[in-house]
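2 protein chains.
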Amino acid sequence: MKEILNESGELIELVMPSAEEIETLIREKKYSELKGKIAALEAVDIASVFGEIDESYINIFYRILPKEYAAEVFVETDAELQQKIIQSFTDRELSEVLQDMYLDDTVDVIEEMPANVVKRILKNSSAKDRTLINQLLRYPKDSAGTVMTVEYVRLTKNMTVGEALSHIREVAIDKETIYTCYVTDKNRHLLGIVTARSLMIALPEEKISNLMDENVIFGTTTEDKESVAQKIEKYGFLALPIVDNEGRLVGIVTVDDAIDVLKEETDEDISKMAAITPTETPYLKTSALNLFKARIPWLLLLMISATISGTILGFFESALIPVLVLFVPMLMDTGGNSGSQASVTAIRALSVGEITVRDVFLVLWKEVRVGFLCGVSLGAVALGKVMLIDRLLLGNEAVTIAVGASVALTVFATIFTAKIIGASLPLLAKRLGLDPAVMASPFITTLVDAVSLIIYFFISAGLFGLTI
Amino acid sequence: MKEILNESGELIELVMPSAEEIETLIREKKYSELKGKIAALEAVDIASVFGEIDESYINIFYRILPKEYAAEVFVETDAELQQKIIQSFTDRELSEVLQDMYLDDTVDVIEEMPANVVKRILKNSSAKDRTLINQLLRYPKDSAGTVMTVEYVRLTKNMTVGEALSHIREVAIDKETIYTCYVTDKNRHLLGIVTARSLMIALPEEKISNLMDENVIFGTTTEDKESVAQKIEKYGFLALPIVDNEGRLVGIVTVDDAIDVLKEETDEDISKMAAITPTETPYLKTSALNLFKARIPWLLLLMISATISGTILGFFESALIPVLVLFVPMLMDTGGNSGSQASVTAIRALSVGEITVRDVFLVLWKEVRVGFLCGVSLGAVALGKVMLIDRLLLGNEAVTIAVGASVALTVFATIFTAKIIGASLPLLAKRLGLDPAVMASPFITTLVDAVSLIIYFFISAGLFGLTI
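Read top to bottom, the protein sequences are chains C and U.
Anchor point for the first sequence: position 399 equals 399 in the working numbering, and the numbering is continuous, going up by one each time.
Anchor point for the second sequence: position 314 equals 314 in the working numbering, and the numbering is continuous, going up by one each time.
What the hints contain is simulated information worked out from the structure, not anything from laboratory work.
Model, not experiment: these values are computed from the prediction.
A portion of the hints provided could be inaccurate.
Unchecked claim - Example chain C residues on the side facing chain U (calculated, C-beta under 8 Å, incomplete):
#1 T131
#2 N134
#3 I201
#4 P204
#5 D256
#6 A288
#7 P297
#8 S309
#9 V325
#10 V360
#11 F361
#12 L362
#13 V438
#14 P442
Beta carbons: idealized from backbone N, C-alpha and C, even for Gly.
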């Protein structure tokens, strides 16, 4: 569903044709009616309905699309469908679509295709594109090189504004953005940037060298794509130039790709925080088997780790008086929640660049204070709850002052320890080159459970040793 | 730290002057040296060092800033500092900075200031700005109206490209973006959009009405700002026009503001998933007391809820044979993790728009299958672990086949139930108009703990009733 404005500026709802409607129109060969229905839609909307229509209609539907949309819709559909569409293409059709695609998108497609399809794509690309594709494919996983586009506007510093504008007019059709132009020397060393805004305002005879900003913030091909996306976010750029290690401009990353990278990284973080292996397909499109595969290793690992808590409980069961067992679930949960709060805060702060590994002492000092405040307040509440409700109100005679004191002290010590563990493990993971996000709730909970039981035992043993 | 390229295109590192350095240079009145050091920095970098220098230097430092940066740096500093800077301003200085700011930024500042400062800001704005500010302040919380900018380029459909370009040249300096221009009639009804790209390519005598795209995707002033940001993300726009309920263009939301909105919403979701009240300040700048306040209500609520599990355990303790207690931590943790996986997946899918409340049956059917697969596998592992390790290897005679069966069946039933609960509660919350993110790990864990204990009890009671 999409709303648009009609000629007198009223909102009207533009209903996206459903998969069934499209199938019917194709079956009845009402192609021009179908064309009319999709004319006002965006490529990404067409791509989403594409995934829903029956396979046997895909090829006809794809050929009905307005020519200027075809490549864009192709890029937006999922890999499985892309493969089917390619297989239905003649070589000529394939090479036409490839010509209309930006090379970074072609590389994204190639990375998902089986070898025989890759071969056909390369065969139907121009020799120049083939060289560039092969170059792009060689950049390390998750590097800026893998998300950059090589179609940008390059100017020289001796051009006038008028010359630059007519150059842009000539090449614009093939460039992903013309709003930031890059000034390089003959060896492609990046010298500065000029915005389309400044070109549009300037006098035609002005020199580019007078207009360009030489303080260029840039990324490098091997830099983490997340770091490049964060620069674009931080400085509010529309694009960031990417240079190789000799300072030569090799591509740009545009803001829409940066948004995708940030979203993807957030998805990954959130998945890991919930102890799930990240999947790239949307939830409803992921099969139950694949969801199972993404979840079972972590559940299994955590289940086995959690049996340690059982072993500790068994080891201590004989030593503890039975009434103390009643408070185990509450102590375990509270410790786990307290640790999760600290770990998720630290993971997110690391992820958005608010803290680095070097801030470890600042973080610990903060959590020591927060842990103390939380521990004291909840310890007091726990003491009140145990003595007033369990003992007085419910009249459980087994709940002595020593029991209340054990529970309250354990609440305090567990919360305090959980905060320290929760905040330090993500930093430790980062320091060791691991992903901090795996040190989130499930892992912290399992660890803190064992720790809280040990604390509980020693505090109880101490108190009852003294009072009994 | 920022890297830039020198004239021959080599990477050189541009070191940001530290707070101490800046303080020393100011004390020694070496203003031009300081000016030189900050000349190549971006406003957002200057703003970040701003927060670190001693208060007594702030006013001098701010006046040293290059004039064209002053407003931008001011916008990027935090509210506390902004207030101090404003208080040091003469009326004339204040009105100069206000003139250089975009109105959406002015409104953001106003929202954080005490009444007397707001009064001064309004007094020193032009009459026209004052009217617009008051209008912007009236939009509902979190609506598109609160993040839109009212400085955009407006064209009419009878203009020629040449006329449009000279209009842009005149007004560009005051507009946040000139890359998308908006075509309206005399009553400001939005008729279409024209990109700067198409204007730069077109012939000067061409009519705007021939160039403009009439299929405009837009937002409305009262629409949720997250929904507007998602449209910008989905379609890869640089800006989205915002219309009132009569289809009149009142502002635009730019991609950089959309990124901020998406990041803020993600921060909020992640905080809620970890049972923390979201805070707006970065972690290290949030006081221990404020972190405590953000965390304690949830910890308290969850601790009290968790005592229910203890009560259930106490109620069943007499009925269960002691050895069964050993498996309680493992059952609780596994149930909690299983539920968290499903709930976090559902929350994220809702948040990025992959699923809606109407997909509830698709979601449940998927989780039924995933839950079955996970439950069967982990039940089998649990049975093997209990019988082989606890009974055979560790020789615990109390661990009978009935105990193993109880544990394995409970693992299966708990995982299965936890998946259903975990996936359905976020959808239920959304349906009830609540935020799905609160239905994440901590809440689900507490709930599933109680459920898993009840399941464990009934299964054990059933099995032992039959076998003993």
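Could you work out which of the previously given hints the structure breaks and list their numbers from low to high? 1, 2, 4, 7, 10, 11, 13
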